[in-house]
Structure formats: C-alpha cells, structure tokens
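Q: Sequence:
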Amino acid sequence: MKKTIAAILMAVTPFAFSAQLEISRTNLKANIPGSDNTAAYMLVENLTKDDVRIVGVETDVAEFAELHSHRMDGDRMIMRHEKYIDVDAGESVRFAPNGYHIMLIGLKQRVKHGEQAKIVLKYDDGTSQAFKFDIIDPRKAAK
1 MKKTIAAILM
11 AVTPFAFSAQ
21 LEISRTNLKA
31 NIPGSDNTAA
41 YMLVENLTKD
51 DVRIVGVETD
61 VAEFAELHSH
71 RMDGDRMIMR
81 HEKYIDVDAG
91 ESVRFAPNGY
101 HIMLIGLKQR
111 VKHGEQAKIV
121 LKYDDGTSQA
131 FKFDIIDPRK
141 AAK
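What the sequence shown shows, in this note's numbering, is residues 1 to 143, in sequence order.
Take these hints with a grain of salt, some might be off.
Unchecked claim - Here are the simulated lysine to aspartate or glutamate pairs, EDC-like style, with alpha carbons at most 16 Å apart: (1) K122 to E58; (2) K49 to E91; (3) K132 to E58; (4) K122 to D51; (5) K49 to D88; (6) K49 to D86; (7) K83 to D124; (8) K49 to D125; (9) K83 to E66; (10) K132 to D60; (11) K122 to D60; (12) K112 to D36; (13) K122 to E22; (14) K118 to D73; (15) K108 to D36; (16) K108 to E63; (17) K108 to E58; (18) K112 to D60; (19) K132 to E115; (20) K122 to D86; (21) K118 to D134; (22) K118 to E58; (23) K118 to E66; (24) K122 to D75; (25) K83 to D125; (26) K108 to D60; (27) K112 to D137.
Stated by the list, open to error - With beta-carbon atoms standing in for the labels, derived distance ranges: (28) R94 to D50: 29 to 35 Å; (29) Q20 to A96: 20 to 26 Å; (30) D36 to D86: 25 to 31 Å; (31) K83 to G114: 30 to 36 Å; (32) M72 to Q116: 28 to 34 Å; (33) G114 to D75: 35 to 41 Å; (34) Y84 to N37: 20 to 26 Å; (35) K108 to D137: 17 to 23 Å; (36) K83 to Q20: 32 to 38 Å; (37) D75 to F131: 33 to 39 Å.
Read the hints as simulated data drawn from the structure, not as lab findings.
A virtual CB, placed ideally from N, CA and C, is assigned to each residue, including glycine.
Produce the entire structure from the sequences given, and follow the hints as far as they go.
A: Spelled out as structure tokens, the structure:
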C-alpha cells in the first residue's frame, strides 16, 4: 500500500508544483500572401503565489517560434529575441503589437482568418502549457 501511494505521489508531484498561467485574448495575425512569418498576441496573468518564467514557445504551424519584443532605440523600433519573459506572482503581461509578442518564423502553410492554431508555452521548471489561438485578419475583423 505504501509503495502504491508513493508511486502516485511521485507521478502527480511534478504537476502539482508546476506554475500555470491564465491566458486570454489570444490571437494570431493571419499572414499575407508572400509572407512566411507572423506574430501572436495574448494577455498572460499569473494568479499564483510564485513568479513564472516563460523560456520558450512551440507551435506546429511554423518552423520556429520565439519570444520577441519591440523597443524604441532613438527614433527606430527594434525587434529583439527574448531568452525569457518573467510574469511575477499576481501580475500580468500583455503581448501586443509594439511590445512583447510570439514570433512565428517559417510558416508551414498559410494561416487564415477564422482558423485556430495551437501554441505551447514552456516554463523554466520544465513544464509546458498549450493554448488555442484564434487566427485573425485585421482587415476582416474590422468589418
């Protein structure tokens, strides 16, 4: 009996202590013909008592997915690859145009308005969390 309980605790423990984030307002920009890159945006909320560090991102719709940011450098907007993005306990981080975003590089096919894509966030504790992102063409969404 003790061995069974110990086995169950060992199997469940990594999940019980993994930090999970609340993600909302997920959207991924539909790419225009001729472009094989696009960006995804979201609102990330950390409702836990622990700080969470996002260290990577994966998707099956692109060859590469990376955490990026835009920052002003004088009068120029510079896009940078970020090794990680911290979401402090009780805080939120907005991924939006001209700020943090997920860059999808080398799209495997065209992502179209009205479809969905799965994006997986990877955390520094070794866990990950998958989310569905609505694909939005801003030209069609405005109508």
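Q: State for each hint whether it applies.
A: Structure-based check of each hint:
| no. | hint | verdict |
| --- | --- | --- |
| 1 | K122 to E58 | holds (8 Å) |
| 2 | K49 to E91 | holds (10 Å) |
| 3 | K132 to E58 | holds (12 Å) |
| 4 | K122 to D51 | holds (14 Å) |
| 5 | K49 to D88 | holds (9 Å) |
| 6 | K49 to D86 | holds (14 Å) |
| 7 | K83 to D124 | holds (11 Å) |
| 8 | K49 to D125 | holds (15 Å) |
| 9 | K83 to E66 | holds (9 Å) |
| 10 | K132 to D60 | holds (12 Å) |
| 11 | K122 to D60 | holds (14 Å) |
| 12 | K112 to D36 | holds (12 Å) |
| 13 | K122 to E22 | holds (14 Å) |
| 14 | K118 to D73 | violated (33 Å) |
| 15 | K108 to D36 | holds (8 Å) |
| 16 | K108 to E63 | holds (7 Å) |
| 17 | K108 to E58 | holds (13 Å) |
| 18 | K112 to D60 | holds (15 Å) |
| 19 | K132 to E115 | holds (10 Å) |
| 20 | K122 to D86 | holds (12 Å) |
| 21 | K118 to D134 | holds (9 Å) |
| 22 | K118 to E58 | holds (9 Å) |
| 23 | K118 to E66 | holds (14 Å) |
| 24 | K122 to D75 | violated (33 Å) |
| 25 | K83 to D125 | holds (15 Å) |
| 26 | K108 to D60 | holds (8 Å) |
| 27 | K112 to D137 | holds (7 Å) |
| 28 | R94 to D50: 29 to 35 Å | violated (20 Å) |
| 29 | Q20 to A96: 20 to 26 Å | holds (22 Å) |
| 30 | D36 to D86: 25 to 31 Å | holds (30 Å) |
| 31 | K83 to G114: 30 to 36 Å | holds (34 Å) |
| 32 | M72 to Q116: 28 to 34 Å | holds (33 Å) |
| 33 | G114 to D75: 35 to 41 Å | holds (37 Å) |
| 34 | Y84 to N37: 20 to 26 Å | holds (21 Å) |
| 35 | K108 to D137: 17 to 23 Å | holds (18 Å) |
| 36 | K83 to Q20: 32 to 38 Å | violated (21 Å) |
| 37 | D75 to F131: 33 to 39 Å | holds (35 Å) |
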